[in-house]
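Based on these hints, arrange chain Z on the given structure of chain A.
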Amino acid sequence: MSSQSYIRRPNRPLQVYAAIFLIVLYVPVLFLPLFSFNDSIYVKFPLTGFTTQWYVELFHREPVWAALMNSVRVGVTTSIIATGFGVFAAKAIIRYRIPGRGPLVGFIMLPLVVPGIIFGVALLVLLSQLGVPLSLYTVTIGHVIVCLPFAIATMIPRFEGFDPSVEEASADLGENAWWTFWRVTFPIVFPGILASLLLTFTVSFDEFIMAFFLSGSDPTLPMYIWGQLRFPKEFPSILAMASIILLVSFIVVFIGQWINRDAQATTLANEEDK
Amino acid sequence: MSGESATSANSGSPKPPGTGRLGRLLQRSEAARGLSLLSPTLLIMFIGVAVPFGILIVMSFWTQIGFGFDTSPTVANYENFGERPIYGALLKRSLWMSSAATAATVLLCYPMAYFVAFHIHRNKMIWIVLITLPFWTSYLLRVFAWKVVLGYEGVINSALMTLGLIKAPLEFLLYSQSAVVITLAHAWAAFAILPMYVSLEKIDKSLLEAATDLGDGPVRRFLRITLPLSMPGVISASLLIFIPTTGDYITPALLGGPDGAMIGNLIQKQFGAINNWPMGATLSIILMLSIAAIALVFMFVTNFVRKRIS
Chain A
1 MSSQSYIRRP NRPLQVYAAI FLIVLYVPVL FLPLFSFNDS IYVKFPLTGF TTQWYVELFH
61 REPVWAALMN SVRVGVTTSI IATGFGVFAA KAIIRYRIPG RGPLVGFIML PLVVPGIIFG
121 VALLVLLSQL GVPLSLYTVT IGHVIVCLPF AIATMIPRFE GFDPSVEEAS ADLGENAWWT
181 FWRVTFPIVF PGILASLLLT FTVSFDEFIM AFFLSGSDPT LPMYIWGQLR FPKEFPSILA
241 MASIILLVSF IVVFIGQWIN RDAQATTLAN EEDK
Chain Z
1 MSGESATSAN SGSPKPPGTG RLGRLLQRSE AARGLSLLSP TLLIMFIGVA VPFGILIVMS
61 FWTQIGFGFD TSPTVANYEN FGERPIYGAL LKRSLWMSSA ATAATVLLCY PMAYFVAFHI
121 HRNKMIWIVL ITLPFWTSYL LRVFAWKVVL GYEGVINSAL MTLGLIKAPL EFLLYSQSAV
181 VITLAHAWAA FAILPMYVSL EKIDKSLLEA ATDLGDGPVR RFLRITLPLS MPGVISASLL
241 IFIPTTGDYI TPALLGGPDG AMIGNLIQKQ FGAINNWPMG ATLSIILMLS IAAIALVFMF
301 VTNFVRKRIS
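Read top to bottom, the protein sequences are chains A and Z. Residue 144 in the UniProt record's numbering sits at position 144 of the first sequence, and the numbers go up by one each step. Residue 245 in the UniProt record's numbering sits at position 245 of the second sequence, and the numbers go up by one each step.
Everything labelled a hint here was simulated from the structure, so no lab data went into it. Treat the hints with caution; some may be incorrect.
[Said to hold, decoys possible] Each computed DSS-like pair below joins lysine-lysine, with the alpha-carbon atoms no more than 30 angstroms apart: (1) K147/Z x K269/Z; (2) K205/Z x K124/Z; (3) K92/Z x K147/Z; (4) K124/Z x K233/A; (5) K233/A x K307/Z; (6) K202/Z x K307/Z; (7) K167/Z x K233/A; (8) K202/Z x K124/Z; (9) K167/Z x K147/Z.
[As the list claims (entries may be wrong)] Here are the in silico distance ranges between beta carbons for each label pair: (10) M69/A x S290/Z: 39 to 47 angstroms; (11) G102/A x N275/Z: 37 to 45 angstroms; (12) T71/Z x Y26/A: 50 to 58 angstroms; (13) K167/Z x V132/A: 51 to 59 angstroms; (14) T63/Z x I20/A: 49 to 57 angstroms; (15) H60/A x F300/Z: 14 to 22 angstroms; (16) N80/Z x L110/A: 34 to 42 angstroms; (17) F254/A x S39/Z: 28 to 36 angstroms.
[Said to hold, decoys possible] Chain A side only, calculated, beta carbon under 8 angstroms to chain Z, not exhaustive: (18) L25; (19) A92; (20) T202; (21) S249; (22) F254; (23) I259.
No residue lacks a Cβ here, since even glycine has one placed at the ideal position from N, Cα and C.
In isolation and in its complexed conformation, chain A is listed as follows (with noise of 0.2 angstroms):
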């Protein structure tokens, strides 16, 4: 006991260079909200005053309503499409011997780890070769695939952290395996459900790589934003609107986080218990 403390006691240098990680973590992002209210063009010090002019001004813009909305309907289909596919494929992950495994799930996660770029690039050169016109369709399609890596990976603690008993009892008790999934499993891994819907909604929402690319006419949030950057003029309203985004994917995320937050739990706990 005496070692266990002796290993455990606080290390001050350590909490310090904690402190300050998550301060430089947090700080970058946080000037874009300050200098949103500042009442001047330029962006830099000293501030000038307090306005909120350029919030107004946002409210008033057409494409940016356009533009969000393009946003929202690509994000709800996306976020819908892959948290459903990633329900199953976290499932047969955990839940079956399935031979060939592990290159099978390295192949799934591919898009957590090779670049945006060359997936961009490698849709659009498909698409252009079917002769299939660049929309928010194509859009979506890039997102999903960005997309499943993540719901997976949101839903694969879910269904650890559930003993597959219970299921095998509601078989035993003559459900078959639909109402099986419905009365038992759904209820079980929904905070799992709920969390991947937000955080693949959030990650399609502020996705711009695949956007990028696989845009039409309509440009999505992050890409109408993009188009703004090349004018310092614009800076003002870009910075109000990103403070915006950043709040509310912020909360999204946290929200997400915290509804799945036992099933982490229960996780890292058997990572301890190994």
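The following block gives chain Z in isolation, referenced to the frame of chain A:
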């Protein structure tokens, strides 16, 4: 992360009796059931990943003529890559810059992962969520934030000038390789921390007690037990950052300027302004091959070193 969970979950294998003919058929073999559940995902990934890759490879052997393609196979694009030094130089620079970003990220994140794994006992999840939260939010906007911070009249320059510490803005901050490296390291921090945290968390604490009882000080204990045992996490963190950052496009486009351009920018130009898709395909393939080669060498070397040490 997923590989970890996949191996741990091999145990439970329910075989509920099937009802209906299809159910019986599906439930006859566990592998078949698993595969049938996995098949929609596999199909999507096959159509969305494997097929496009195949076509990309094929296209790299084509030639651009005006707005069409000459589809007779030729290695001219690959020869072109060898002959024109700009391509090789950009590739080398990309690999160098993302190596620097990877090294910086792993070194800076390791203490943080260590802190959460060993010194946080309650509310670990909050820490993990706090660290990974920015990673989920818009990459474009996080890069844009760095543009605001590092800009010619940005946060750092204008703050230093207001304080009277410098007379003219520091020009090396924006549009430089260091700007790109800083931004990449910052943007991918969460990705680096997770694998390192998991492998640190898995270390059996009684090993550390044993080392202490046998007379090792904190430094020796760390070097002989903690560090070697956490190497798998360090290795996967390095790969998880090195591979995607090499092909990054947004950061060099917004912060790199001419000196900080990377191969991703060139690939984008081939599909945009330059309009030479086959060359863009060739560059993508070469990028993938060099990343794969470096990743393999890296894994081989670290494995070798680890075996020699233990």
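Each hint tested on the structure:
no.: 1; hint: K147/Z x K269/Z; verdict: holds, 22 angstroms
no.: 2; hint: K205/Z x K124/Z; verdict: holds, 17 angstroms
no.: 3; hint: K92/Z x K147/Z; verdict: holds, 25 angstroms
no.: 4; hint: K124/Z x K233/A; verdict: violated, 44 angstroms
no.: 5; hint: K233/A x K307/Z; verdict: violated, 58 angstroms
no.: 6; hint: K202/Z x K307/Z; verdict: holds, 20 angstroms
no.: 7; hint: K167/Z x K233/A; verdict: holds, 25 angstroms
no.: 8; hint: K202/Z x K124/Z; verdict: holds, 14 angstroms
no.: 9; hint: K167/Z x K147/Z; verdict: holds, 21 angstroms
no.: 10; hint: M69/A x S290/Z: 39 to 47 angstroms; verdict: holds, 41 angstroms
no.: 11; hint: G102/A x N275/Z: 37 to 45 angstroms; verdict: holds, 41 angstroms
no.: 12; hint: T71/Z x Y26/A: 50 to 58 angstroms; verdict: holds, 51 angstroms
no.: 13; hint: K167/Z x V132/A: 51 to 59 angstroms; verdict: holds, 56 angstroms
no.: 14; hint: T63/Z x I20/A: 49 to 57 angstroms; verdict: holds, 54 angstroms
no.: 15; hint: H60/A x F300/Z: 14 to 22 angstroms; verdict: violated, 59 angstroms
no.: 16; hint: N80/Z x L110/A: 34 to 42 angstroms; verdict: violated, 28 angstroms
no.: 17; hint: F254/A x S39/Z: 28 to 36 angstroms; verdict: holds, 34 angstroms
no.: 18; hint: L25; verdict: holds, 6 angstroms
no.: 19; hint: A92; verdict: holds, 4 angstroms
no.: 20; hint: T202; verdict: holds, 6 angstroms
no.: 21; hint: S249; verdict: holds, 4 angstroms
no.: 22; hint: F254; verdict: holds, 6 angstroms
no.: 23; hint: I259; verdict: violated, 11 angstroms
Of the hints listed earlier, those the structure fails to meet are numbers 4, 5, 15, 16 and 23, in rising order.
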